[in-house]
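2 protein chains.
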Amino acid sequence: MKTINIQFDDRSYPIYIGQNLISDFSLINQHLPHKKIAVVTNNLVADIYLDTLINSLSPHKDVISIILTDGEKHKNTDSLNIIYSELLKNKADRNITLIALGGGVIGDITGFAAATYMRGVNFIQIPTTLLSQVDSSVGGKTGINHPLGKNMIGAFYQPKCVITDVNVLTTLPRRELSAGLAEVIKYGLIRDIRFFEWLEDNMQSLVGMKQDYLMEAILRSCQNKADVVEADEFESGIRAILNLGHTFGHAIEVAQGYGNWLHGEAVGAGIVMAAKLSQSMNWLSDKDLKRITKLIKNAGLPTIPPNISVEKYLELMMLDKKTKDGQINLVLQKSMGEAVLTNAYDSSKLRQILDQSSH
Amino acid sequence: MKTINIQFDDRSYPIYIGQNLISDFSLINQHLPHKKIAVVTNNLVADIYLDTLINSLSPHKDVISIILTDGEKHKNTDSLNIIYSELLKNKADRNITLIALGGGVIGDITGFAAATYMRGVNFIQIPTTLLSQVDSSVGGKTGINHPLGKNMIGAFYQPKCVITDVNVLTTLPRRELSAGLAEVIKYGLIRDIRFFEWLEDNMQSLVGMKQDYLMEAILRSCQNKADVVEADEFESGIRAILNLGHTFGHAIEVAQGYGNWLHGEAVGAGIVMAAKLSQSMNWLSDKDLKRITKLIKNAGLPTIPPNISVEKYLELMMLDKKTKDGQINLVLQKSMGEAVLTNAYDSSKLRQILDQSSH
Numbered sequence: 005m006k007t008i009n010i011q012f013d014d015r016s017y018p019i020y021i022g023q024n025l026i027s028d029f030s031l032i033n034q035h036l037p038h039k040k041i042a043v044v045t046n047n048l049v050a051d052i053y054l055d056t057l058i059n060s061l062s063p064h065k066d067v068i069s070i071i072l073t074d075g076e077k078h079k080n081t082d083s084l085n086i087i088y089s090e091l092l093k094n095k096a097d098r099n100i101t102l103i104a105l106g107g108g109v110i111g112d113i114t115g116f117a118a119a120t121y122m123r124g125v126n127f128i129q130i131p132t133t134l135l136s137q138v139d140s141s142v143g144g145k146t147g148i149n150h151p152l153g154k155n156m157i158g159a160f161y162q163p164k165c166v167i168t169d170v171n172v173l174t175t176l177p178r179r180e181l182s183a184g185l186a187e188v189i190k191y192g193l194i195r196d197i198r199f200f201e202w203l204e205d206n207m208q209s210l211v212g213m214k215q216d217y218l219m220e221a222i223l224r225s226c227q228n229k230a231d232v233v234e235a236d237e238f239e240s241g242i243r244a245i246l247n248l249g250h251t252f253g254h255a256i257e258v259a260q261g262y263g264n265w266l267h268g269e270a271v272g273a274g275i276v277m278a279a280k281l282s283q284s285m286n287w288l289s290d291k292d293l294k295r296i297t298k299l300i301k302n303a304g305l306p307t308i309p310p311n312i313s314v315e316k317y318l319e320l321m322m323l324d325k326k327t328k329d330g331q332i333n334l335v336l337q338k339s340m341g342e343a344v345l346t347n348a349y350d351s352s353k354l355r356q357i358l359d360q361s362s363h
Numbered sequence: 005m006k007t008i009n010i011q012f013d014d015r016s017y018p019i020y021i022g023q024n025l026i027s028d029f030s031l032i033n034q035h036l037p038h039k040k041i042a043v044v045t046n047n048l049v050a051d052i053y054l055d056t057l058i059n060s061l062s063p064h065k066d067v068i069s070i071i072l073t074d075g076e077k078h079k080n081t082d083s084l085n086i087i088y089s090e091l092l093k094n095k096a097d098r099n100i101t102l103i104a105l106g107g108g109v110i111g112d113i114t115g116f117a118a119a120t121y122m123r124g125v126n127f128i129q130i131p132t133t134l135l136s137q138v139d140s141s142v143g144g145k146t147g148i149n150h151p152l153g154k155n156m157i158g159a160f161y162q163p164k165c166v167i168t169d170v171n172v173l174t175t176l177p178r179r180e181l182s183a184g185l186a187e188v189i190k191y192g193l194i195r196d197i198r199f200f201e202w203l204e205d206n207m208q209s210l211v212g213m214k215q216d217y218l219m220e221a222i223l224r225s226c227q228n229k230a231d232v233v234e235a236d237e238f239e240s241g242i243r244a245i246l247n248l249g250h251t252f253g254h255a256i257e258v259a260q261g262y263g264n265w266l267h268g269e270a271v272g273a274g275i276v277m278a279a280k281l282s283q284s285m286n287w288l289s290d291k292d293l294k295r296i297t298k299l300i301k302n303a304g305l306p307t308i309p310p311n312i313s314v315e316k317y318l319e320l321m322m323l324d325k326k327t328k329d330g331q332i333n334l335v336l337q338k339s340m341g342e343a344v345l346t347n348a349y350d351s352s353k354l355r356q357i358l359d360q361s362s363h
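One line per chain: the protein sequences are A and B, in this order. Be aware that the first sequence starts at 5, since it is given in the numbering used here, and climbs by one per residue. Be aware that the second sequence starts at 5, since it is given in the numbering used here, and climbs by one per residue.
Source of the hints: derived by calculation from the structure; they are not laboratory data.
Remember, identical chains collapse to one label, so a pair may be satisfied in a single copy or spanning two.
Under the rule of at most 25 Å between Cα atoms (straight-line distance), these lysine-lysine pairs were calculated in the DSS-like manner:
| # | residue 1 | residue 2 |
| --- | --- | --- |
| 1 | K338 | K301 |
| 2 | K316 | K93 |
| 3 | K353 | K328 |
| 4 | K280 | K291 |
| 5 | K95 | K328 |
| 6 | K326 | K93 |
| 7 | K164 | K326 |
| 8 | K316 | K95 |
| 9 | K93 | K328 |
| 10 | K316 | K280 |
| 11 | K353 | K95 |
| 12 | K291 | K338 |
| 13 | K328 | K280 |
| 14 | K65 | K328 |
| 15 | K328 | K316 |
| 16 | K65 | K326 |
| 17 | K39 | K65 |
| 18 | K328 | K39 |
Make the full structure from the sequences, and use the hints.
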């Protein structure tokens with residue numbers, strides 16, 4: 005098992021990465037100061053891993069389970085209210101610990117419920133998808149979607165610990181694995197060119213679900229993310245670079261309806277769109293653009309966005325949280341392994357990249 | 005105008021207390037870093053004060069108004085969603101400032117919306133009731149009610165400033181003024197016996213809405229609250245004493261249906277119930293209990309709680325956020341001007357106080 009410590013000014017917490025950690029009671033128990041636990045999960049994850057977790061906890065703790073319906077389209081106030089109501093019905097007080105057992109959707113909703121139930125209770129993440137292991141479980145962003153925009157409602161709220169069990173990836177659908185790899189590739193592109201090269205060399209092993217390679221990819225991804233969020237917990241500056249491909253990606257997700265394109269798939273296509281805009285500014289070469297497109301493709305991700313009108317794209321991109329005073333700010337690549345938040349791009353070139361009919 | 009500064013570790017903010025502050029653009033503008041403003045208010049307050057505020061802001065700022073329906077029963081997710089939707093429809097980004105113009109309900113909902121819209125935006129309070137001026141606008145508690153419990157969903161989130169305009173009290177219904185006085189009396193009882201004595205001497209002037217006396221009462225109340233919350237921002241210890249009378253009061257409010265008993269009325273009756281329990285422990289004398297009951301009565305508040313079954317009382321009190329591991333913790337008076345959070349009370353005496361049929 006490897007441990008990465010996330011350090012903030014006034015508190016820090018560990019991310020444990022290893023095998024068979026879900027059933028390791030002594031590990032999780034270090035972060036359970038009280039008796040009452042609520043495990044929040046979804047119907048798919050519950051079928052596979054809930055019993056393992058409950059069997060580990062229940063000899064020692066009072067555990068309730070709250071099972072939500074799987075899917076990004078359920079990352080909304082209805083699911084949030086299910087959690088609140090179950091907690092209140094079970095007379096959960098401020099000593100309750102919420103454990104999120106699931107992917108990014110479960111982690112984000114549960115984290116937001118923990119941030120807002122009685123103005124804040126203990127929270128532990130057990131991410132069960134590659135995407136959530138390398139991205140959403142690190143950094144404290146929690147929240148839900150609004151019909152008018154993704155992740156519009158939320159809070160910054162840090163867990164007591166993150167337990168990343170690599171074994172769970174063996175039951176992950178291939179499409180979900182690819183979605184996670186989009187974020188893994190992103191870390192290489194924004195700040196770690198050697199990691200990008202390592203991914204070029206080993207993408208086949210990752211797609212083939214080789215455990216050692218996946219563990220290495222998770223470790224390097226989490227370390228990269230930790231370095232960025234430690235420097236900027238509340239996203240007032242450098243943290244924005246983690247959004248490479250995301251302004252495009254969020255627009256794709258909303259336009260297609262949440263869940264039709266997976267988040268990582270939309271980000272994969274968005275990374276290629278950002279690379280095209282970067283190339284148009286001579287920040288990337290034609291060869292760089294081809295390398296990026298190829299790695300995204302080899303990860304099993306789409307490189308061509310869906311056909312959405314340019315006006316619709318711009319309208320949805322305008323809703324992005326990085327938009328300031330009506331100006332869409334984009335994370336672009338200054339070079340391979342370097343990213344920047346900018347509005348100094350050519351708007352007509354952006355429109356051309358968004359316009360599928362011109363391709 | 006007087007200013008009280010609230011000091012926390014990493015930030016501080018001013019409470020301005022004076023006359024005609026709502027129309028003082030230069031004052032509020034010190035705390036408006038950006039162009040876009042959303043004023044959140046309710047239909048009753050909007051009729052009286054919204055134009056004054058808008059006329060002051062709109063020559064300089066882009067202002068939208070969001071008008072909710074008045075009343076504690078609307079302090080819920082529906083109202084919260086109205087705010088989120090209006091902000092998104094108006095393409096509000098992270099540079100938006102939310103201004104709460106209203107009483108405690110408006111302040112709490114708007115503060116929670118500010119805490120959670122895009123994971124946190126700027127927030128300013130303009131409290132328009134005595135209750136919100138002396139209590140809810142100070143200390144950063146925000147939130148909404150849940151059908152199963154009051155203030156169950158929320159966050160700690162501090163405003164950029166609080167603008168307390170004493171003039172607005174001239175249009176406040178007498179019943180609302182009395183409700184505010186319950187919290188004013190509380191500060192005397194929990195930590196400031198000289199203030200309690202001042203209130204005994206001057207209650208008639210306060211009920212008579214004499215501006216100078218009201219300003220003095222607000223100032224001394226805010227200073228008392230500031231001292232407590234500065235010592236304990238996240239309510240892990242001493243801050244609990246601010247809840248004198250509130251565990252009883254919340255149960256009354258929920259049992260009667262939100263809004264039928266005003267919060268301050270329920271707290272007034274709750275303060276007397278807490279005093280009775282304190283007296284039964286010989287922490288207060290018979291004379292102390294009489295003084296407290298008399299001052300609550302002179303403030304125009306109920307001293308006798310509604311007839312609710314003991315079991316219902318206990319069930320609702322159990323939902324209080326101070327309940328830990330199934331034990332109801334109560335703020336009681338150790339002496340006049342001193343309060344303590346305790347579970348070392350006589351349960352049978354508590355049941356007797358809750359049982360109206362025994363009176």
